[in-house]
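K.L.:
Here are the chains, one letter per residue:
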Amino acid sequence: MNHSATAVMDPRHPMPGMQVYNLKLGMWIFLLSEVMFFTSLIGSYIILRFAHPEHWTEPGVILNVSLTAVNTFLLICSSVTMVKAFAAIEQGDQKGLKLWLLATILIGASFVGIQFFEYTKLIHEGFVPNFAAYTAEGANLYGATFYLMTGFHGAHVTIGVLCLSFVLFRAMKGAYTSESYGGVEIIGLYWHFVDLVWIILFTIVYLL
Amino acid sequence: MSTAQLVSSLEKEDRTQPGYTDEGLHELSFIRKYVFSTDHKTIAKQFLFLSLFFLVVGGALAGMMRWQLGFPGQPLPGGGVFPDTMAPGGIILPEFYNSLVTMHGTIMIFFAIMPLLVGVFGNLLIPLQLGAPDMAFPRLNMASFWLAVVAGTVMMASFLVEGGAAGAGWTSYAPLSTSGEWTGVYLGQQLWLVSLIIMGASSLTGAVNYITTVINMRAPGMTWFRIPLPTWSLFITAILILLAIPILTGGLIMLLFDQLIGTTFFIPAGSGEPLLWQHIFWFFGHPEVYILILPAMGIVSEVLSCRARKPIFGYHAMVLAMVSIAFLGWVVWGHHMFQSGMNPMLGTSFMISTVVIAVPSAIKTFNWLGTLWRGDIHFDTPMLHALSFVSMFIIGGLSGIFMAAPAVDIYLHDTYFIVAHLHYVLFGGSLFGIFAGITFWFPKMFGRMMGEGLGKVHFWLTFIFYNLVFFPMHNLGIQGMMRRLYDPNEYEFLQPLQEMSTFISISAFLLVGTQSLFAFNFFWSMFRGRQAPANPWNSNTLEWTVPSPPPHGNFAVMPTVYRGPYEYSSPEVDADFYPQDRPPPGAGPGGQAAPEPTPGPAPTPEPVAGD
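As they're listed, the protein sequences go chains R and P.
Residue 167 in the working numbering sits at position 167 of the first sequence, with consecutive numbering throughout.
Just add 1000 to wherever you are in the second sequence, counting from 1, and you've got the working numbering.
Mixed in with the good hints there might be a few duds.
List of simulated lysine-lysine pairs, DSS-like, C-alpha gap at most 30 Å [unchecked claim]: (1) R/Lys24 - P/Lys1045; (2) R/Lys121 - R/Lys24; (3) P/Lys1033 - R/Lys24.
Selected chain R positions facing chain P (Cβ under 7 Å, derived; list incomplete) [what the hints assert, rightly or not]: (4) Leu25; (5) Gly26; (6) Phe30; (7) Leu31; (8) Met36; (9) Phe37; (10) Ser40; (11) Pro129; (12) Ala132; (13) Asn140; (14) Leu141.
Rather than coming from a laboratory, the hints here were simulated on the basis of the structure.
Computed from a predicted structure; not experimentally measured.
Cβ atoms here follow ideal geometry from the backbone N, Cα and C, with glycine treated the same way.
Same shape as in the complex, but just chain R:
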């Protein structure tokens, strides 16, 4: 049990616990709760769809699958640029960090922009969540679950873009070094999570 004795010498290095800094551990724990949040939405979608299949149309009849496929590709690319930003700061490459962060922000913002365009078009065609105002093919549960799931995902992307902008702002001031890059790492975790959720949502909402 010598490790306890050494731990006394260095109070900043508590021996029990995971060798992960608090912020990163906290982000992982927070993401677990996010998993449960999306589980409640996706679970409700599955139950409603199985109970009322007549509300849904064949894939691609209402929703523009190819546009969203492009959007999905964009979001996956933004995960790649996020990894590049993280790799850059690990090497102490300040210029690379800022460049790749900026790329991630721009791609993330265009995802939200395309989604906004998609929403506007669909609402114009009468594909709305509202039961009383429903006019399009399919029926209201299709619209309601669609906007619920993609909307909350879109909100997560938007929050991610805002947080990334804050990280970029701090990076401009030189807040991150190859020794200390916690902020970049945890926003990266969040960003990859949001990306992963989208891949699931794209599959079940658009393709199935």
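For this one, chain R is given, so just place chain P on it according to the hints.
P.N.:
Chain P only, in chain R's frame:
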């Protein structure tokens, strides 16, 4: 990540580092010290005052309900202050009665019991019992409290809006809750939803904080199986909160959309599924039940062991029982829905999983009894409350087993038997656990002892009146009286039960009145109580090794932990307690030597008699 990186990232959060600008290093303004404080002990006290306020509100609502049930149709004494939309001439309207029932449940569960257990004891005990200077994320902790204040304000504001506060029950079953057409409540129901979403965010930030702190902020030597049971229970509870609350949030958002933007997730007229709401609600709701009892179990385990001067019986079994209760809590939600039209096959499987929970619960109960067996029991106020917890939890737990059987539940569902059961676990269980906790840790929180004489009077009167209120409700339920009933006399077969209802109501008023003794004792002791020593109960855990109240940053020197938390009456030392951070006999001065005697051929020094 290298050690250097780890250290540099830890430095940002480590409040014991030089240069950390906070209390002790420079004087803080009043607002930063007492209002927007990041100190876990201050936040614990803030939660204490907030949730005690809501406990009073919830009690007052219950009092009004009991007036209507005990004296139906008679004007409430002093009821003239209510507007005509609630109680014209002091006579409670049926709509207002619905709001009373709903808000009593909601406020007691989300704004009184949950913050009392998790907000108060989580914040107070987790860092202190682990030997940490503060929570992992002090500012997030502050946010958690202020979110709770916002949520509480929204909830209270809903009484004032047109149509009154939510009236669809604390469970807000759809489709009753989906439209004001059915309850007469429009904005109030929406505020109820918004308030609970905000309260969920508050609980969630707290849970992230607690889990991170327990995993990462333990003092050297504080291995998993040396963690005191209250902290263990709060850790498990935090995991349940983390995973259960987002489910509720998702459901609340869908219900809010049903009301606000015309979706039909839960409205059958638009092909929605009302049963889906019940599934979502109880998938959250059953883990929530254990969120409300596990911390009380932890508190009681601590008090029983300390005041019986004996090691807790089966420490590992206690931890594992809590873990298994937490696991099983996820697969039993259907037992709330036996009467909902669910597939009966499903009902049987939910019955089996529910009855299985009796096993870990019984392990805990027998271990508490084993702890008491031949102990040197000190009957002081915290101990009385803890003993009452154990006995009341047995009654509440056993009535739970009756209802777990679908065949019995057909008869008992939604009757006063359920009300009796849930109050036996929530009041008899959780609230007695809370009283035990407050009286036990009051000296640590406020630096003064609570009045013992008044405390005992409060305990005995509470114990007696509590049983007089809730035990007869079993009878009412078995005789068929439905819960949430505005006026039972509308049913001829319930009219003979009016006398019992009146008896319950009078007992309830006395029970509420008795709590003023506690309030008086609480505030009197806070200012006039006897100065508390660091360790008034001769307890082992780390929070008692620091002054009462502990200074900012808690520990002058990071403690080293040498043993489990319940080494009472250990043969190794003369005193009947053996604090976790005391080096074993034979260790070098200052505790710098190896914390445990090295096993092997080298002879370890025998403990010297009279050491």
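K.L.:
Is P/Lys1033 close enough to R/Lys24, meaning Cα to Cα at most 30 Å?
P.N.:
holds (28 Å)
K.L.:
Does the closest beta carbon of chain P sit nearer than 7 Å to the beta carbon of R/Met36?
P.N.:
With a minimum Cβ separation of about 4 Å from chain P (threshold 7 Å), the hint on R/Met36 holds.
K.L.:
With a cut-off of 7 Å, does the beta carbon of R/Pro129 approach a beta carbon of chain P closely enough for the hint to hold?
P.N.:
Result: holds, 5 Å to nearest chain P Cβ.
K.L.:
For the pair supplied as a hint, R/Lys121 and R/Lys24, is the alpha-carbon distance within the 30 Å limit?
P.N.:
violated (39 Å)
K.L.:
Restraint: R/Ala132 near chain P, CB-CB cut 7 Å. Satisfied or not?
P.N.:
holds (6 Å)
K.L.:
Was the hint right that R/Leu25 lines chain P, CB cutoff 7 Å?
P.N.:
Check passed: Cβ of R/Leu25 comes within 5 Å of chain P, closer than 7 Å.
K.L.:
Measuring from the C-beta of R/Leu31 to each C-beta in chain P, is the shortest one below 7 Å?
P.N.:
violated (10 Å)
K.L.:
Given a cut of 7 Å on the nearest C-beta pair, is the interface hint for R/Gly26 held or broken against chain P?
P.N.:
holds (5 Å)
K.L.:
Are R/Lys24 and P/Lys1045 close enough, with their CA atoms no more than 30 Å apart?
P.N.:
holds (29 Å)
K.L.:
Return the status of the interface hint for R/Phe30: holds when the least beta-carbon distance to chain P is below 7 Å, violated otherwise.
P.N.:
Check passed: Cβ of R/Phe30 comes within 5 Å of chain P, closer than 7 Å.
K.L.:
Would you check whether R/Ser40 satisfies its interface hint, that is, whether its CB is within less than 7 Å of any CB in chain P?
P.N.:
holds (3 Å)
K.L.:
May I ask you to test the interface hint for R/Phe37 with respect to chain P, counting a Cβ-Cβ separation under 7 Å as satisfied?
P.N.:
holds (4 Å)
Taken one by one, the earlier hints fail for this structure at numbers 2 and 7, listed in ascending order.
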